[in-house]
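Participant: Single-letter residue listing:
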Amino acid sequence: MLDLRGVTVPGRQRPRLHALSLQLKPGERVALLGPSGSGKSTLLAVANGLITPPQGRVLWFGEPASRRPQLRRRQQARIGTLWQDLRLVDELSVQQNLNAGCLARWSWGQVLLNLFSAQDSQACRLALARVELDHGLLMQPLDRLSGGQRQRVAIARLLRQDAQLLLADEPLAQLDPPLARRLLQLLLELGQAPRALLLSLHRPDLLEGFDRVIGLRCGELLFDQAPASLTSADLQQLYSTQGQP
Amino acid sequence: MRSLLFGLAVLLAPVAPVLASEVLRISAIPDQNPERLNRLYGLVASELSDQLGVKVRYMPVIDYTAAVTGFRRGDLDLVWFGGLTGVQARLQTPGALVLAQRDVDARFRSVFIANRPALQGLTPFSSIDELSKLKGKRFSFGSESSTSGRLMPQFFLAKAGVQPKDFSGGQPGFSGSHDATIALVQSGAYEAGALNEQVWESRLKEGKVDTSKVLVLWRTPTYPDYHWVAQGNLNKRFGAGFTSKLQQALLNLSPDQPRQAQVLELFGAKRFIKAPVEQYASIESVGRQLGKIR
Amino acid sequence: MTPAGQMLLPVLVLLPLLWLLPQSIHSGGLDLLLQFWLAALQPSLDPQVLLSALRGLGITLAIALWSWLLSLLLGCAGGLLSSGLVSQLLWGCQWPAAVIKRLLALPRSLHELLWGLILLQLLGLQSSVAVLAIALPYGALVARVTADQLDALPVRPLEALSSAGAPAWSALFTALLPPLWPQLLSYGGYRLECALRSATLLGIFGLGGIGADLRLSLQSLQFHQVWTSLWCLALVMLLLERVVRWLQQRWQHPLASVGQRGRELVALLLCLGVLLIPSAQLLELSWQQIGTRWQWPQALPLWDIAGWNQPWLPLISTTLLLTLLSALLALAITPWLLVLLCPWKGCRPLLQSLGLLARLLPPPLTALLMLFVLKPGLLPAVLALGLHNAGILGRLLLESLDARDCRASQALQLAGAGPRRSLLVAGFNAVARGYLSFGAYRADVILRESVVVGLVGAGGLGVLLLESLSSFAWIDVVPVLVVYAVLTLMGEAAADAYRRRLLQGHLPLEGFKPAIGP
Numbered sequence: 001m002l003d004l005r006g007v008t009v010p011g012r013q014r015p016r017l018h019a020l021s022l023q024l025k026p027g028e029r030v031a032l033l034g035p036s037g038s039g040k041s042t043l044l045a046v047a048n049g050l051i052t053p054p055q056g057r058v059l060w061f062g063e064p065a066s067r068r069p070q071l072r073r074r075q076q077a078r079i080g081t082l083w084q085d086l087r088l089v090d091e092l093s094v095q096q097n098l099n100a101g102c103l104a105r106w107s108w109g110q111v112l113l114n115l116f117s118a119q120d121s122q123a124c125r126l127a128l129a130r131v132e133l134d135h136g137l138l139m140q141p142l143d144r145l146s147g148g149q150r151q152r153v154a155i156a157r158l159l160r161q162d163a164q165l166l167l168a169d170e171p172l173a174q175l176d177p178p179l180a181r182r183l184l185q186l187l188l189e190l191g192q193a194p195r196a197l198l199l200s201l202h203r204p205d206l207l208e209g210f211d212r213v214i215g216l217r218c219g220e221l222l223f224d225q226a227p228a229s230l231t232s233a234d235l236q237q238l239y240s241t242q243g244q245p
Numbered sequence: 001m002r003s004l005l006f007g008l009a010v011l012l013a014p015v016a017p018v019l020a021s022e023v024l025r026i027s028a029i030p031d032q033n034p035e036r037l038n039r040l041y042g043l044v045a046s047e048l049s050d051q052l053g054v055k056v057r058y059m060p061v062i063d064y065t066a067a068v069t070g071f072r073r074g075d076l077d078l079v080w081f082g083g084l085t086g087v088q089a090r091l092q093t094p095g096a097l098v099l100a101q102r103d104v105d106a107r108f109r110s111v112f113i114a115n116r117p118a119l120q121g122l123t124p125f126s127s128i129d130e131l132s133k134l135k136g137k138r139f140s141f142g143s144e145s146s147t148s149g150r151l152m153p154q155f156f157l158a159k160a161g162v163q164p165k166d167f168s169g170g171q172p173g174f175s176g177s178h179d180a181t182i183a184l185v186q187s188g189a190y191e192a193g194a195l196n197e198q199v200w201e202s203r204l205k206e207g208k209v210d211t212s213k214v215l216v217l218w219r220t221p222t223y224p225d226y227h228w229v230a231q232g233n234l235n236k237r238f239g240a241g242f243t244s245k246l247q248q249a250l251l252n253l254s255p256d257q258p259r260q261a262q263v264l265e266l267f268g269a270k271r272f273i274k275a276p277v278e279q280y281a282s283i284e285s286v287g288r289q290l291g292k293i294r
Numbered sequence: 001m002t003p004a005g006q007m008l009l010p011v012l013v014l015l016p017l018l019w020l021l022p023q024s025i026h027s028g029g030l031d032l033l034l035q036f037w038l039a040a041l042q043p044s045l046d047p048q049v050l051l052s053a054l055r056g057l058g059i060t061l062a063i064a065l066w067s068w069l070l071s072l073l074l075g076c077a078g079g080l081l082s083s084g085l086v087s088q089l090l091w092g093c094q095w096p097a098a099v100i101k102r103l104l105a106l107p108r109s110l111h112e113l114l115w116g117l118i119l120l121q122l123l124g125l126q127s128s129v130a131v132l133a134i135a136l137p138y139g140a141l142v143a144r145v146t147a148d149q150l151d152a153l154p155v156r157p158l159e160a161l162s163s164a165g166a167p168a169w170s171a172l173f174t175a176l177l178p179p180l181w182p183q184l185l186s187y188g189g190y191r192l193e194c195a196l197r198s199a200t201l202l203g204i205f206g207l208g209g210i211g212a213d214l215r216l217s218l219q220s221l222q223f224h225q226v227w228t229s230l231w232c233l234a235l236v237m238l239l240l241e242r243v244v245r246w247l248q249q250r251w252q253h254p255l256a257s258v259g260q261r262g263r264e265l266v267a268l269l270l271c272l273g274v275l276l277i278p279s280a281q282l283l284e285l286s287w288q289q290i291g292t293r294w295q296w297p298q299a300l301p302l303w304d305i306a307g308w309n310q311p312w313l314p315l316i317s318t319t320l321l322l323t324l325l326s327a328l329l330a331l332a333i334t335p336w337l338l339v340l341l342c343p344w345k346g347c348r349p350l351l352q353s354l355g356l357l358a359r360l361l362p363p364p365l366t367a368l369l370m371l372f373v374l375k376p377g378l379l380p381a382v383l384a385l386g387l388h389n390a391g392i393l394g395r396l397l398l399e400s401l402d403a404r405d406c407r408a409s410q411a412l413q414l415a416g417a418g419p420r421r422s423l424l425v426a427g428f429n430a431v432a433r434g435y436l437s438f439g440a441y442r443a444d445v446i447l448r449e450s451v452v453v454g455l456v457g458a459g460g461l462g463v464l465l466l467e468s469l470s471s472f473a474w475i476d477v478v479p480v481l482v483v484y485a486v487l488t489l490m491g492e493a494a495a496d497a498y499r500r501r502l503l504q505g506h507l508p509l510e511g512f513k514p515a516i517g518p
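Protein chains in written order, with the numbering used here: chain Y, 1 to 245; chain D, 1 to 294; chain V, 1 to 518.
Hints are computed from structural coordinates only; laboratory data are not their basis.
Please note that the accuracy of each hint is not assured.
Said to hold, decoys possible - Here are some chain V residues the structure puts well away from chain D; computed CB gaps all over 12 Å:
hint	residue
1	Leu32
2	Leu89
3	Leu106
4	Pro154
5	Leu218
6	Leu379
7	Pro380
8	Ala473
As the list claims (entries may be wrong) - Which residues of chain Y face chain V? A partial, calculated answer using Cβ under 8 Å:
hint	residue
9	Leu71
10	Arg73
11	Arg74
12	Leu103
13	Gly109
14	Val111
15	Leu115
16	Gln161
17	Glu220
18	Phe223
Unchecked claim - Derived Cβ-Cβ restraints for the label pairs, each shown as a range:
hint	chain 1	residue 1	chain 2	residue 2	range
19	V	Val274	D	Gly207	49 to 57 Å
20	V	Ala411	Y	Gln84	33 to 41 Å
21	V	Glu284	D	Gln262	53 to 61 Å
Just so you know, even glycine gets a beta-carbon here, dropped at the ideal spot from N, CA and C.
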């Protein structure tokens, strides 16, 4: 689904990603570990096309990332990102935010209509139900929701987008332990075939259920293995301050 | 989206059509109270309409400059101009014609008035040189482009060696109209002012002036003032000979007929007479001297 | 210095004004002034006067409505085209937006009155002159505000949508329109209030509407008739301000809940649409006329060098002095009145009604009134401009005081501080940055507005301009216009720089929901 080959993204002092290669197959759920500043967010930005790496190749669903805007948008429409800061539109209602996931395939008329009236409630209800939110929230303005609820809305937007490749940037950062577990469970379920999930996190204790764990350090791949085979020595090496700038 | 809807509304709004049939649009410089002007020119419009058999419409204008501009642009067909504005209008409008003036207009005067309590000791005088006594006083003209309320008074003041900057506050005021000048000087807001002699006399006759508060200091020598100016293209628009019919209609206004009498009375005239164009040369040269005509 | 201190400091302007006072005061028209205020109690109810006032008011409202609408259309289009973000989307580069932005500065640089007088020459006597005269500078102003707001919005949601494959325009509309909308609505409502004030002002200079009634009846000292018009205007102005404020509060997020508010919006649009037709008829607006009647004055010596020979230094310095004094006066009045009167219960209503009165009376009228007791010159002009703008600034101050978080002053009052002290320490400091930034913006407006008080002999560029226009001296008009435009553009840049420093990059604008500090 995602195929990065020798990707390098230059940074100010040292490259943010250096000759990184990574493959993701359908149904694979991959955890991305690494200390702050190790390039996790950059990797996700390359994966969803926000950054076009000057060196290396990015393949989406077996095709090289296109440079033609229209084609590129069609590729990107199949990649969904759960941003760390969610990036929802605060001024819109829950339903309108969910529908914002459909912009890629919608016509102009539908886009404008979405700003004024409800569009396809049924699909939105299903998406909300999938993330265990009450459909009564559909008409609520987004700014009345709690942090946890907003995060679920953002996930539901990915469902509405019908994304195949799910990318999540530290979705568990500000959640209490039980909530974090439930959300992770949800994302892991969503990441089953035919979809795939690449999720960055800071919690080595929550790797259960992932198919692979990737360790990233200073923009380079440190390890890429099954979670079961991950040793504490690996983790120590990953988070050690030695060699850090 | 809102702009979109509004855009639609704009397109759909049925806007008034351009005036279909030819209408003779008359106007006048706003030198008096607007109610009086409305009454007067309403009467003039219906009188001309009856006599000439065309639609006549009075277009009120509240600014001298706007009246000249409207005439130049062809928005106004027949305008009662002052001396200066008439010359300005004709200079800017090729083909424009002077149709008539009142009997009083060929030998018109301005009066300088003063507030009696404020200027104790200042008595009427007959020599122009004594205008220099107005130096340092609070002084008001009428409208900026008025002949009798500004141009000629300023001209005679200059002859007596008084410049606008010699007045109190470094500049004269502009009351806006002759009536306003009387009121402001009478109240004491200004110590002295200059206005149209004819307006002064008629207000005096109507008893609207408190002579215990205002007195006349000096009357200027005569000069030509108000006149009717018409567009040059009226014959083309209203049929051959229309301009002379219009001129006759004005000249024929007589005090024997009730409505015409009313018109003449409001104009403060016995009748209208022909106006020779040459007489305005003096106004033009004064206008050029004072920078009001370039 | 604390922000509150900066708010109180402009009161020093009273020193030069007090110094000017003895040499320009006279008691000649005290009587008249008294009569004027007494006449407020008994406006003329003569049916003819009333009818004329109502008709004038109708025309003024129609001018305001149409010019406002036109300015919003122009402004939204111009705003989109001059936004760097949109330019990036459309053309992939930012320079077209920068160029359009510069071009839009030109219509903005002249006061609507000047536009009116110029258009009068070009288009002749028709009411579309007033409509266009307001719509052009306002449109350019709305465009600037829209572009600034657009470029200041958070772009992250937009990024998120684009990286999920959304087409550029769809993403733009979904991610940026919703946050922009309440600001535009709020600003749009404020522009309507401004348009009403401008339409009244244009009337005073003969471009139609109730302003003409006001000026003529004041000049002929018919104070009872003046007050008939003033009361009508006050009623409409108050109503408009209240309705706009109410709608602004109600529609903070108009897109968020579909349904009721959407329906209200549509209903309001329909109402406006219905109003547009009779107002167009009242004004005898017709597009054919606007399209076909352009005509330049004959032999327009536009670039004759002789016109440039003017005493620029005194002209410019008088204009700047007038602006500076008026702006400081406008800034100083309300805070000081608040401090002095705030322990008294009637303080708010008193200030509100004084503010309404100040906004109601157009500066040239106030200036004419001042002439009853002051000699012509700088002082009546400063007072007229200062008081009018104090009315506008004061309303913003009171509103932002109401909207502010009052916990701090509560805490102070519970600790025993009096109302004055808590207002000074907690209230003023909270709103000062916003107020001062509005003040800077207002100073910029006053610079343009200084032309309207040329009537009372304040001197400066405005007088020269009005005099040249009335003498049809085109040779002088163009240089003065150019110098004026350059001056106002420089003023705008200076005011912006000050506001940017004050708010550290964050620029709330007058008319937006009261913003409080960064």
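Participant: Could you check that no beta carbon of chain D comes within 12 Å of the beta carbon of Leu32(V)?
Facilitator: Incorrect as stated: the minimum Cβ-Cβ distance to chain D is 5 Å, not above 12 Å.
Participant: Is the hint on Leu115(Y) kept, meaning its closest Cβ partner in chain V is under 8 Å away?
Facilitator: 6 Å, holds
Participant: Would the stated hint for Leu103(Y) survive a check requiring a Cβ distance to chain V of less than 8 Å?
Facilitator: 3 Å, holds
Participant: If we take the beta carbon of Leu379(V), is the closest beta carbon in chain D still more than 12 Å away?
Facilitator: 9 Å, violated
Participant: Taking 8 Å as the limit, does the beta-carbon of Leu71(Y) come near enough to a beta-carbon in chain V?
Facilitator: Violated, because the Cβ-Cβ distance from Leu71(Y) to chain V comes to roughly 10 Å (cut-off 8 Å).
Participant: Leu218(V) clear of chain D by more than 12 Å, beta carbon to beta carbon?
Facilitator: 9 Å, violated
Participant: Tell me if Arg74(Y) is really an interface residue toward chain V, meaning its C-beta lies closer than 8 Å to one of theirs.
Facilitator: 7 Å, holds
Participant: Against the range 53 to 61 Å, how does the distance between the Cβ atoms of Glu284(V) and Gln262(D) compare: consistent or not?
Facilitator: 30 Å, violated
Participant: Going by Cβ atoms only, is Gln161(Y) closer than 8 Å to chain V?
Facilitator: 6 Å, holds
Participant: Note whether the CB distance of Ala411(V) and Gln84(Y) lies within 33 to 41 Å or breaks it.
Facilitator: Given a distance of about 36 Å, which is inside 33 to 41 Å, the answer is holds.
Participant: Close enough to count: is the Cβ of Phe223(Y) nearer than 8 Å to one in chain V?
Facilitator: With a closest approach of 28 Å, the Phe223(Y) hint is violated.
Participant: So, Arg73(Y) near chain V? Judge it on the closest CB pair being under 8 Å.
Facilitator: 4 Å, holds
The structure does not agree with the numbered hints 1, 5, 6, 7, 8, 9, 13, 17, 18 and 21 stated previously, though it agrees with the rest.
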